[in-house]
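S.K.: Sequence:
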Amino acid sequence: MTREGDLVLGSEHLAKLSGLRLPDEPILRQQGLDWLKAWTGQPLLITIQGKRDRWNRLPIRARLLKDSLTFDLSHGLVEAGLAIVDPGADLPFCQPELFALEETARERNLGLWADGRYNPIPVDQTDRLKERVGSFVIVEGRVRSVGERKQRIYLNFGGHWADDFTIIIPKKTWMQMAERGLSTDSLKGHIIRTRGILQSWQGTALTIDSAEMIERLEGRRLQDKRLAR
11 MTREGDLVLG SEHLAKLSGL RLPDEPILRQ QGLDWLKAWT GQPLLITIQG KRDRWNRLPI
71 RARLLKDSLT FDLSHGLVEA GLAIVDPGAD LPFCQPELFA LEETARERNL GLWADGRYNP
131 IPVDQTDRLK ERVGSFVIVE GRVRSVGERK QRIYLNFGGH WADDFTIIIP KKTWMQMAER
191 GLSTDSLKGH IIRTRGILQS WQGTALTIDS AEMIERLEGR RLQDKRLAR
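Just so we're aligned, residue 11 is where the sequence shown starts under my numbering, counting upward by one.
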């Protein structure tokens with residue numbers, strides 16, 4: 011493993027666990043790195059999850075092989091509260107089960123979830139959101155209105171665009187979400203949770219690159235109709 015937290019495979023290729031983000035805070039980040047280092051040298055079943063990123067790292071899923079059983083390292087990190095689920099980091103995102111593991115760790119205040127900086131930020135805390143521009147955040151709130159344009163969909167969480175939080179959904183992503191049964195009616199008025207790198211746009215905003223970056227909190231996660239049949 012490198013000092014930056016990248017995994018070095020036996021083939022000497024650099025890799026990273028797909029769909030995860032270690033915390034930025036140095037002590038918490040080191041706890042996650044130490045947890046991973048404990049498995050150094052162990053036989054792993056590696057599944058490549060996508061293309062190399064700009065740092066030439068392969069996004070992977072890694073499972074420890076022991077006594078005919080497997081232990082998923084991503085599951086272990088998230089269960090211990092040592093990593094955050096980041097579905098927009100590596101597309102496509104193929105581990106929706108990580109959200110439930112993260113929720114349990116958050117409810118138990120494990121690891122990074124004992125630090126209030128990482129917990130979901132309510133959309134009405136505009137000053138707090140502005141302080142986090144450029145950082146990975148989780149945001150929760152009720153969709154007040156939906157704006158449909160030719161190339162983008164806008165989910166608005168307030169009436170003052172210069173100050174309030176907005177979710178920006180490119181048309182390509184919106185089409186993917188529509189395949190899962192999502193519509194403007196299914197979002198307007200509902201409380202949702204979203205995550206990603208916070209932008210300064212009018213007030214603050216997140217751009218959605220993956221359908222999994224949005225969760226409806228009143229009910230179950232929207233299921234892909236093709237998989238539900």
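Mixed in with the good hints there might be a few duds.
What the hints assert, rightly or not - Computed Cβ-Cβ distance ranges for the label pairs, DEER-style: (1) Asp134 to Arg31: 35 to 45 angstroms; (2) Glu228 to Ile58: 29 to 39 angstroms; (3) Phe81 to Tyr164: 38 to 48 angstroms.
In short, the hints are calculated from the structure, not lab data. All figures in this text were calculated on a predicted structure; none of them were measured in a lab. Just so you know, even glycine gets a beta-carbon here, dropped at the ideal spot from N, CA and C.
S.K.: Indicate, hint by hint, whether the structure satisfies it.
M.R.: Here is what the structure says about each hint:
1. Asp134 to Arg31: 35 to 45 angstroms: 25 angstroms, violated
2. Glu228 to Ile58: 29 to 39 angstroms: With a Cβ separation near 36 angstroms, Glu228 and Ile58 satisfy 29 to 39 angstroms, so the hint holds.
3. Phe81 to Tyr164: 38 to 48 angstroms: Because 42 angstroms falls inside the window, the suggested range holds.
This entry does not satisfy hint 1, going by the numbered hints stated previously; all others are met.
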